[in-house]
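Q: Okay, here's what each chain looks like letter by letter:
There are 2 protein chains.
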Amino acid sequence: MNSATILLQWLPLFFLLFSTSVSSSPHKIPKLSPLLETILASTKPGSLSDDFKTFFYNQTLDHFNYRPESYAIFQQRYVINFKHWGGANTSSPILAYLGAEAPLDGDLTGVGFLTENAPRFNALQVYIEHRYYGKSIPFGTLEEALKNASLRGYFNSAQAIADYAELLLYLKKNLTAQHSPVIVVGGSYGGMLASWFRLKYPHIALGALASSAPILYFDHITPQNGYYSIVTKDFKEESESCYRAIRESWAEIDLVASQPDGLSILSHQFNTCAQLNKPSELKDYLDSVYSTAAQYNHPPNYPVTQICGGIDGAPKGSHLLSKIFAGLVAYKGKKPCYDTDQYNYPTETNIGYGWQRCSEMVMPIGRGSNDTMFPPAPFDLGNFTKDCKTQYGVSPRPHWVTTYYGGHDIKTVLNKFASNIIFSNGLRDPYSSGGVLENISETVLAVYTVNGSHCLDIILEKQSDPEWLIQQRSTEVQIIEGWIAKYYADLLLLKK
Amino acid sequence: MNSATILLQWLPLFFLLFSTSVSSSPHKIPKLSPLLETILASTKPGSLSDDFKTFFYNQTLDHFNYRPESYAIFQQRYVINFKHWGGANTSSPILAYLGAEAPLDGDLTGVGFLTENAPRFNALQVYIEHRYYGKSIPFGTLEEALKNASLRGYFNSAQAIADYAELLLYLKKNLTAQHSPVIVVGGSYGGMLASWFRLKYPHIALGALASSAPILYFDHITPQNGYYSIVTKDFKEESESCYRAIRESWAEIDLVASQPDGLSILSHQFNTCAQLNKPSELKDYLDSVYSTAAQYNHPPNYPVTQICGGIDGAPKGSHLLSKIFAGLVAYKGKKPCYDTDQYNYPTETNIGYGWQRCSEMVMPIGRGSNDTMFPPAPFDLGNFTKDCKTQYGVSPRPHWVTTYYGGHDIKTVLNKFASNIIFSNGLRDPYSSGGVLENISETVLAVYTVNGSHCLDIILEKQSDPEWLIQQRSTEVQIIEGWIAKYYADLLLLKK
Chain A
0 MNSATILLQW LPLFFLLFST SVSSSPHKIP KLSPLLETIL ASTKPGSLSD DFKTFFYNQT
60 LDHFNYRPES YAIFQQRYVI NFKHWGGANT SSPILAYLGA EAPLDGDLTG VGFLTENAPR
120 FNALQVYIEH RYYGKSIPFG TLEEALKNAS LRGYFNSAQA IADYAELLLY LKKNLTAQHS
180 PVIVVGGSYG GMLASWFRLK YPHIALGALA SSAPILYFDH ITPQNGYYSI VTKDFKEESE
240 SCYRAIRESW AEIDLVASQP DGLSILSHQF NTCAQLNKPS ELKDYLDSVY STAAQYNHPP
300 NYPVTQICGG IDGAPKGSHL LSKIFAGLVA YKGKKPCYDT DQYNYPTETN IGYGWQRCSE
360 MVMPIGRGSN DTMFPPAPFD LGNFTKDCKT QYGVSPRPHW VTTYYGGHDI KTVLNKFASN
420 IIFSNGLRDP YSSGGVLENI SETVLAVYTV NGSHCLDIIL EKQSDPEWLI QQRSTEVQII
480 EGWIAKYYAD LLLLKK
Chain B
0 MNSATILLQW LPLFFLLFST SVSSSPHKIP KLSPLLETIL ASTKPGSLSD DFKTFFYNQT
60 LDHFNYRPES YAIFQQRYVI NFKHWGGANT SSPILAYLGA EAPLDGDLTG VGFLTENAPR
120 FNALQVYIEH RYYGKSIPFG TLEEALKNAS LRGYFNSAQA IADYAELLLY LKKNLTAQHS
180 PVIVVGGSYG GMLASWFRLK YPHIALGALA SSAPILYFDH ITPQNGYYSI VTKDFKEESE
240 SCYRAIRESW AEIDLVASQP DGLSILSHQF NTCAQLNKPS ELKDYLDSVY STAAQYNHPP
300 NYPVTQICGG IDGAPKGSHL LSKIFAGLVA YKGKKPCYDT DQYNYPTETN IGYGWQRCSE
360 MVMPIGRGSN DTMFPPAPFD LGNFTKDCKT QYGVSPRPHW VTTYYGGHDI KTVLNKFASN
420 IIFSNGLRDP YSSGGVLENI SETVLAVYTV NGSHCLDIIL EKQSDPEWLI QQRSTEVQII
480 EGWIAKYYAD LLLLKK
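In order, the protein sequence lines correspond to chains A and B. Quick note: the first sequence uses numbering that gives the first Met the number 0, first residue 0, plus one each step. Quick note: the second sequence uses numbering that gives the first Met the number 0, first residue 0, plus one each step.
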């Protein structure tokens, strides 16, 4: 049983509602954050040690308002592991994982950066769940919270990082650890939160490790086709013939679909669990398969290599769509059937982030007519807005992220402002197109690997990890050690 | 007619609702921001040149929420003076005055820092009114807005600086002035907003001049008696006998008041416009008189000197309270009567800032038993909270300002983060006790004068200005020129 088969059973958890192809609906974007291994690990029964203690904090619903309703509190889950902490007396550090668009559970075992480095840093490990996910949903289930037009309004990033601020200050006070430096860590959307947290709350976090954080994928700072250009490049560099096959397959699918009984033929050919109702169901599914493979194109199996192995390895003279199916099977393993709806399951992540995208997290991801191996699908803000309005009754604010957090001219702006942020990326991750890939100053640093994938640096280490990945992680640890050493030196100076 | 007499007729505008003595009600604090000259100037008919053009922006009511109500917009007033601007082609600077807790009108002519330096900087002058003041009150009058428990919740500093962010970005886009550096300027509460704006929105403002901004007067970073200690020091340094007279007068007032018909005697002695109902009315009034005199102890008249001149100059053998009255008359001029309610008029500033103090701007200003020339009046958060709750139905959040903006350990925190902020102060200003008086880094600087008063550096220049004041202003201009020169150099490098 190859690892693809093992992953398979967990896959439904990983993908966002809008993860399906941008081709059918121009406002849909690829999944953002899932840490495959993370979630995988969380599902292993008994894998979480007793050292992880769960708490709940009475969190303020609305930090930026003083209406009576704003004073409502909700229970926010956080988890602490004290095992390796050197304690408040020695001002030993706090590694704080900032939860993202999923329940916290998987992060506790999956985010290796904390569990593996806590002993080295003598660090307290703190994990905070993002509001409206997991056990931190105000007043009921996520579905209920999102149905309530008033309640869902509080579900946004500024409120979320204010939660982290309030909770971290509470913890430091509670542990008499006022002088313990806090390093915040996050991946993908959570990585954006980590970097934004350091920018907005430098008095609370000494530094941030922002893994695979596409903070420049807003407001057209990054070209809309950035994401799919990298997916394309990943496949093309793996195999020119594989890339060509995929590129040509979309028209072929449409052609077959347009024939009498064409959808039945396609359903049969791709062994779909349910009969296809329209060709876009298959195309969206394949789009997600390729995008996911590229985004999580990690060692030792390299999904892109697996898919191209299947496509290129199909018997000579195979029909184009047989090759495509062979690629699918090589990646997902032999299955009784293939669920083309797999990426659309109503998981918390899909549901919750669907709202976040329709309110503020507006990443204009799209494709031009001939710039990727996918059919054209330009991002259309008008349609996107219309759909969001239909679904939620309010319009997205596409400029808010750059208004509040910045992004334009980031090098000029942050070169003489800010410090202690690592933007880590793997260049094979399509989201790296919206990442910070250049050092901004001596302490705002880009640490990337040419062959890395999404959030690879912060997930659990493996025996099979290649040297470049080991090196990336080690660089990150050394940089953070430098921040902490400098902080202690300044603290000593201050006390003298 | 001395300048005190001239000022007199405008004084009712200047003071906050809670400006009366802390002695009678321990949660009342001295007025925060008024720029005497500013408001004075605004009332001179025809003093505003036609170069000031008024506009209104459709501002977002709630930046941090996505409830349908959050999408409401209100009209925010802003004023532009294009006269001296070098234009977008040359990326000439923008000097942006961030409105504070008053209508904008007075600032247009009163804030000399903009009008006097615009030609030197070839700068566009922009003045933005703070939400809920002047012509920028959402949906009606301030009274109506504050009566509405839901509507007043949006009235806070985080929303206000987000207004400034949104509006400045809109203006830069509208003027195709994306590369024009913005310097934000503010005084007192507005000075806090200016420094916080640079911290939160470094991508919008290149730098900030924060005049007399007591950003450390929160959460007990500054000792509670900081304010009144400086008032006391100002008087003591002016005249030991004057200081002693004031110090002893409170008990004397109580003694007279406790006698039969004592309040009539006091009313007559101080020539009050209305009969006193309790001794605290007189004591609160005198407290405000002394505090105001110290806060605005500016050249050439130096109100503290005036008061002490009156007290010390009273005929030999005068009764203590006659001396006190002589001090009052020397400062305020000979009047038909003295209005002890003068500082409590329901001005917009008094009404609006009354709410702001009861929600987030919780400055714990108080006095111990023997540390000032005033009767003891420790700050009592419990009482303060109770009173606010009675008045508005919600509790203040005394830790929010330090949670959101920081303040604790400011030197350590901002030394390696942030840049381009001037904290200017005059050490005779009682609010300087909560100001930043030490350089934090090479570009986060404290520029103060030993003899300066509240916001003196940013108000209109006068022929009589002493050398140390001219020097302070010139230092500030040079620092800002340095920021802008560096910015242009970096811009050029970038374009190469």
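Hints in this document: simulated from the structure, not taken from any laboratory. Errors might be hidden in some of the hints.
No copy is singled out in the list; a pair is fine if it fits within one copy or between any two copies.
[Unchecked claim] Result set (BS3-like, lysine-lysine): computed pairs, CA atoms no more than 25 Å apart in a straight line:
1) Lys410 <-> Lys485
2) Lys82 <-> Lys52
3) Lys410 <-> Lys52
4) Lys235 <-> Lys315
5) Lys277 <-> Lys82
6) Lys485 <-> Lys415
7) Lys410 <-> Lys172
8) Lys171 <-> Lys494
9) Lys172 <-> Lys485
10) Lys171 <-> Lys52
11) Lys415 <-> Lys171
12) Lys461 <-> Lys172
13) Lys334 <-> Lys315
14) Lys385 <-> Lys277
15) Lys415 <-> Lys172
16) Lys415 <-> Lys494
17) Lys82 <-> Lys461
18) Lys388 <-> Lys410
19) Lys385 <-> Lys485
20) Lys82 <-> Lys494
21) Lys494 <-> Lys172
22) Lys134 <-> Lys415
23) Lys315 <-> Lys82
24) Lys385 <-> Lys494
25) Lys494 <-> Lys410
Q: Each of the hints needs a verdict: does it hold here or not?
A: Structure-based check of each hint:
1. Proximity of Lys410 to Lys485 under the C-alpha cut-off of 25 Å is found in both arrangements, the shortest distances being 24 Å within a copy and 14 Å between copies.
2. Proximity of Lys82 to Lys52 under the C-alpha cut-off of 25 Å is restricted to the intra-copy arrangement: shortest distance 10 Å within a copy versus 64 Å between copies.
3. In this homomeric assembly, Lys410 and Lys52 never come within 25 Å of each other (Cα to Cα): the closest approach is 40 Å inside a single copy and 35 Å across copies.
4. For a Cα distance limit of 25 Å, the shortest separation of Lys235 from Lys315 inside one copy, 20 Å, qualifies, whereas the shortest one across copies, 100 Å, does not.
5. Taking the shortest Cα distances, Lys277 and Lys82 never come within 25 Å of each other, neither inside one copy (54 Å) nor across copies (63 Å).
6. With identical chains, the CA atoms of Lys485 and Lys415 are at most 25 Å apart both within one copy (18 Å) and between copies (10 Å).
7. For the homomeric pair Lys410 and Lys172, the shortest alpha-carbon distance between copies (20 Å) is at most 25 Å, but the shortest distance inside one copy (35 Å) is not.
8. In this homomeric assembly, Lys171 and Lys494 come within 25 Å of each other (Cα to Cα) only inside a single copy, at 19 Å, whereas the closest approach across copies is 45 Å.
9. Taking identical chains as interchangeable, the C-alpha atoms of Lys172 and Lys485 lie at most 25 Å apart only when both belong to the same chain, with a minimum of 23 Å there against 40 Å between chains.
10. Taking the closest pair of Cα atoms, Lys171 and Lys52 come within 25 Å of each other only inside a single copy of the chain (16 Å); across copies the shortest separation is 50 Å, beyond that limit.
11. Taking the shortest Cα distances, Lys415 and Lys171 sit within 25 Å of each other only across copies (21 Å), while inside one copy they are farther apart (29 Å).
12. Taking the shortest alpha-carbon separations for Lys461 and Lys172, neither the intra-copy value of 37 Å nor the inter-copy value of 49 Å comes in at or below 25 Å.
13. In the homo-oligomer, the alpha carbons of Lys334 and Lys315 lie at most 25 Å apart inside one protomer (23 Å), although the nearest pairing across protomers, at 107 Å, exceeds that limit.
14. Taking identical chains as interchangeable, the C-alpha atoms of Lys385 and Lys277 lie at most 25 Å apart only when both belong to the same chain, with a minimum of 23 Å there against 64 Å between chains.
15. Taking CA atoms no more than 25 Å apart as the test, Lys415 paired with Lys172 passes between copies only; the shortest distance there is 23 Å, against 31 Å inside one copy.
16. Taking the closest pair of Cα atoms, Lys415 and Lys494 come within 25 Å of each other only across two copies (18 Å); inside a single copy the shortest separation is 27 Å, beyond that limit.
17. In this assembly of identical chains, Lys82 and Lys461 lie within 25 Å of each other by CA distance solely inside one copy; the values are 22 Å within and 65 Å between copies.
18. Taking the shortest Cα distances, Lys388 and Lys410 never come within 25 Å of each other, neither inside one copy (35 Å) nor across copies (46 Å).
19. Taking CA atoms no more than 25 Å apart as the test, Lys385 paired with Lys485 passes in neither setting, with 50 Å inside one copy and 44 Å between copies.
20. Taking identical chains as interchangeable, the C-alpha atoms of Lys82 and Lys494 are never at most 25 Å apart, the minima being 29 Å within one chain and 52 Å between chains.
21. In this assembly of identical chains, the alpha carbons of Lys494 and Lys172 lie at most 25 Å apart only when taken from the same copy (20 Å versus 47 Å across copies).
22. Within a single copy, Lys134 and Lys415 get their C-alpha atoms no closer than 40 Å, and across copies no closer than 37 Å, so neither meets the 25 Å cut-off.
23. For the homomeric pair Lys315 and Lys82, neither the shortest alpha-carbon distance inside one copy (58 Å) nor that between copies (76 Å) is at most 25 Å.
24. Taking the shortest Cα distances, Lys385 and Lys494 never come within 25 Å of each other, neither inside one copy (58 Å) nor across copies (39 Å).
25. In this homomeric assembly, Lys494 and Lys410 come within 25 Å of each other (Cα to Cα) only across copies, at 13 Å, whereas the closest approach inside a single copy is 34 Å.
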